[in-house]
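Participant: In order, the protein sequences belong to chains A and B. Counting in the numbering used here, the first sequence runs from 2 upward without gaps. Counting in the numbering used here, the second sequence runs from 58 upward without gaps.
If you're looking for bench data, these hints aren't it; they were derived computationally from the structure. Some hints could be false.
Said to hold, decoys possible - Below, computed lysine-lysine pairings styled on DSS-like, alpha-carbon distance capped at 30 angstroms:
| no. | chain 1 | residue 1 | chain 2 | residue 2 |
| --- | --- | --- | --- | --- |
| 1 | B | K113 | A | K42 |
| 2 | B | K127 | A | K42 |
| 3 | B | K116 | A | K42 |
| 4 | A | K67 | A | K56 |
| 5 | B | K114 | A | K15 |
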Amino acid sequence: GAVVSQHPSWVICKSGTSVKIECRSLDFQATTMFWYRQFPKQSLMLMATSNEGSKATYEQGVEKDKFLINHASLTLSTLTVTSAHPEDSSFYICSASSWGLAGGIVTQYFGPGTRLTVL
Amino acid sequence: TQLLEQSPQFLSIQEGENLTVYCNSSSVFSSLQWYRQEPGEGPVLLVTVVTGGEVKKLKRLTFQFGDARKDSSLHITAAQPGDTGLYLCAPGTGNQFYFGTGTSLTVIP
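Here chain A stands alone, though its shape is the one from the complex (with noise of 0.2 angstroms):
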């Protein structure tokens, strides 16, 4: 099956500092990534749309310019938390998606998650 890796994962920061996941699909070409944030034993929200070569569409209430995205090839993308504080720290997850079933019917491969805590 299609493979998703992430790098860090988990990383250590204190407040004010920068902090980039990585997200790479390894056995395949994924035009289109997505970020989320979770929470303990809560659902994953979306962050937002990743696009390679084009800007990322986020979701409402997620600043663009403290998340920086940039999706530069067909199987990487990374999130740059800019200055970091505590209150960004959480569970961050990736997935690729590739068109699987009939009718249009996605299918999302996950990255294992990047825990990010910031002191």
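Take the given structure of chain A and dock chain B to it, following the hints.
Facilitator: What follows is chain B alone, placed relative to chain A:
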């Protein structure tokens, strides 16, 4: 945007018990997907239901899509500790990136 409400939000049961998790909406969906997420990992797709009234079985897990295609249920028979995790539903098309509110299941040995 969360179009799907799941219940219960939290569930803790003993090994061997049965349970049902619900995914409800006021909207009609052409399909629904169920995922399971274990702590510290990404969600894994369990099943996609497409037809109203459809029932799909995956070992001890039984998934049903409502006749009106507005709701779905997941029934687990004889739960095991390995079933512990966060169960999520999501539309299979359209707003497929907006997950339900989730059900956190803990199966106690």
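Participant: The structure should be examined with respect to each hint, and the outcome stated for every one.
Facilitator: Each hint tested on the structure:
no. : hint                : in the structure
1   : K113(B) with K42(A) : holds, 26 angstroms
2   : K127(B) with K42(A) : holds, 24 angstroms
3   : K116(B) with K42(A) : holds, 25 angstroms
4   : K67(A) with K56(A)  : holds, 14 angstroms
5   : K114(B) with K15(A) : violated, 47 angstroms
Hint compliance for this structure: hint 5 alone is broken.
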